[in-house]
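J.: Please model the complete structure; the sequences and the hints are all you need to start from.
For reference, the chains in residue letters:
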Amino acid sequence: MITIKNLHANVAGNGILRGIDLEVKKGEVHAIMGPNGSGKSTLANVLAGHEAYEVTGGEVLLEGKDLLDMAPEDRAREGVFLAFQYPVEIPGISNATFLKTALNEIRKCRGEEEISAKEFLQLVRKEMDKLGMDEKMLSRSVNAGFSGGEKKRNEILQLAVLNPKLALLDETDSGLDIDALKIVSEGVNNFKNKDNAVILVTHYQRLLNYIVPDFVHVLYKGRIIKSGGKELALELEEKGYDWLIKEDEAVGV
Amino acid sequence: MNKIPENTELKKWYSDQFDSFENKLNGGADTYFHQIRKKAISRFGEIDFPHQKNEDWKYTNISPVLKYNFKPASVLSETKIEDSLIENAFISEVECCSFVFVNGRLHSSKTNFPEGVTAGSLSEIMKKNPELVKQHIASLSENDNSFSALNAAFSEDGFVLLIDKNIQLEKPIQVLFLTGSDTENLLAAPRNLIVAGKNSSAEIIFNYRGFGSKVYLNSSVTEVFADDASNITLYNLQEENDDSFHIEKLQAHQTASSNFTHFSFTLGGKIIRNDINTKLSGENSASHLWGLYLGKNEQLIDHHTFIDHSVPHCESNELFKGILDDNSRGVFNGKILVQKDAQKTNAFQSNKAVLLNKNAKIDTKPQLEIYADDVKCTHGAAIGRLDDTAYFYIRSRGIPADVAKSMQIRAFATDVVEKIEIDELKEIINHKIFEHLRRVEVVNE
Ligand SMILES: Nc1ncnc2c1ncn2[C@@H]1O[C@H](COP(=O)(O)OP(=O)(O)OP(=O)(O)O)[C@@H](O)[C@H]1O
Ligand SMILES: [Mg+2]
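Sequences listed follow chains W and B, in order.
Just so you know, my numbering puts 128 at position 128 of the first sequence, and the rest follows in order with no gaps.
Just so you know, my numbering puts 239 at position 239 of the second sequence, and the rest follows in order with no gaps.
Since the hints were derived computationally from the structure, they do not count as laboratory data.
Glycine residues also receive a C-beta, built at the ideal position from the N, C-alpha and C atoms.
A hint or two may mislead.
If you want a taste of the chain B side facing chain W, the calculated C-beta under 10 Å gives, among others [stated by the list, open to error]: (1) Arg395; (2) Gly398; (3) Arg410; (4) Asp415; (5) Val417; (6) Val443.
T.: So this is what it looks like as structure tokens:
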């Protein structure tokens, strides 16, 4: 699905990503963990095309297509979706308007017709219901005044409705209560199928009990310093990052 | 240091125009209304046009206005106008009683008022029953600058609304002011008066629109008297021609427990200067001044507000938002005076602007004079660009860049637009935002 080769990126002149290699195949779930400030959100933002991040080297291919040359909206239309760590509030634009505009842009790109108002409502209601969201949320402004947990659910609603190929979930579990964590995880599991892929950034093993990853990677200072199976997350939960960091520094870079 | 220009020839032009106006008035020249005009023209002769050396005009260079010898519309005969012009400018979506003024004169009206309401043309009232408005017209705000003096000197008509006590007008009133000409550079000088009796209420929409090919100056003065427990909302929509000028003064006088809400929506016009003043002289009264101004090209949009708290327990709220594109400029100066006796005053003021272009500019200044000690006054200004993270967020959902910008613009304007209490008007303003700024429109589902 996505191939990342030796990716380097700067923010405000500082090298934040310093050579990332990652291959995610269809049907896979990859978890990215790592200490605060290690570059996890940066990676997600670079993949989704945030212009504040300057790519200084490397290559990213989505099903063989070069992503790095594309504007964020084109990446979305090609099937990339980023659930934000801090979803943005857009007062004055209703959730319904926002979601329908996005969906129609993506459909247009896929050569599909605009969705009718009726179909759209059916689709959104169904997904909202699954996520335990009140229908009133549709007429409210995007994320404006939403609680932290409501914002995260709203991101997953967008994921479900837009149905991308590659979902990047940046700490979607943070700020959720235990019930919400379950619901949101179910949302992600419902989305997941053999033809798409998920990269999820998290600090907590807990989420990985619900969304079971095929691989776990540890990001540190802009590089993946360790990869493993789902048991790596358990090990991290127990031992923290220190042992890995020491190992990494012993190898020397 | 260069001297303040005297503009001797221009002043002579206007004083000659006044002579022709007087000739034309034959008969009407001994009324009290005319005495006011005479005082105004003599005041006009004594003072200089505002200059950037005056603190109040520091950021607004009006020399482009002084390049023209504007012909007062009151000297000319009535302007003929096509009905289609009126139809196009009229806000037909809002069900209302309505008045159309062309170049400051009443042209037509559609009314259906309950007893106890006098609404219509100042000049009609002056002919039929001048005593009805004498007290208010005579106390009209002083001619503090050349433009308000010109307005007073050349005014012969304007919109008048007098509401008796305890009358609540259910439907809004729309007053369309069409200004312009294909043959003359005109000065229009509407003089409007709203007097709300005790416990009365009304919503009024002033809709200023331009027509014709000639540059004009619309110098307008509106006075509002809000008696005890009255509730007046005035929506002021300004869409003058792109090459023309609008200089306006609004003065509200409020007594106990009255509510006055004023919206300025400023779109068209080359130089627009709005002075919006309220005087709170009865306890528990409140003023709400909301503003949305949109600049493009070389537009200059200047808002000066002045809230005078003279008694205790009053409240004032001001929120002004500017969206400035191209080389446009904005000015916001918000003065709040809290007099010595005005304890427990609550005054809030905020001016925010986004600059859509690196050449756009805004000067903003709060001016607080507080002589009471137990008051709450907050003021703030924020100037910036549209937020990059929001822009990215929207686009990351597949939404094109231009639509994303429009969504951000709508988001920025929304807290002013949401205060509009007439739903149809909300949609119209949203539409006009995008139309004026030449952006793709975003309409909510
Ligand atoms: N726009 C920015 N301007 C300046 N520095 C930035 C910017 N974005 C990220 N950084 C810096 O890049 C580094 C990596 O940040 P990033 O947000 O990717 O970390 P993270 O791994 O997601 O951390 P967390 O677990 O706390 O979310 C940090 O040092 C951060 O301060
Ligand atoms: Mg992060």
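J.: Decide, hint by hint, whether the structure agrees.
T.: Results of checking the hints against the structure:
A least Cβ separation of about 4 Å between Arg395 of chain B and chain W falls short of the 10 Å threshold, and the interface hint therefore holds. Annotation: Gly398 of chain B was flagged as interfacial toward chain W, and the flag holds, the nearest CB pair being 4 Å apart, inside 10 Å. Hint on Arg410 of chain B holds. Least Cβ distance to chain W is approximately 5 Å, under the 10 Å limit. A hinted interface residue such as Asp415 of chain B counts as satisfied when its beta carbon comes closer than 10 Å to some beta carbon of chain W; here the least separation is about 7 Å, so the hint holds.
Annotation: Val417 of chain B was flagged as interfacial toward chain W, and the flag holds, the nearest CB pair being 7 Å apart, inside 10 Å. Contact between Val443 of chain B and chain W, as hinted, is supported at the beta carbon level, the nearest pair being about 8 Å apart and thus within 10 Å.
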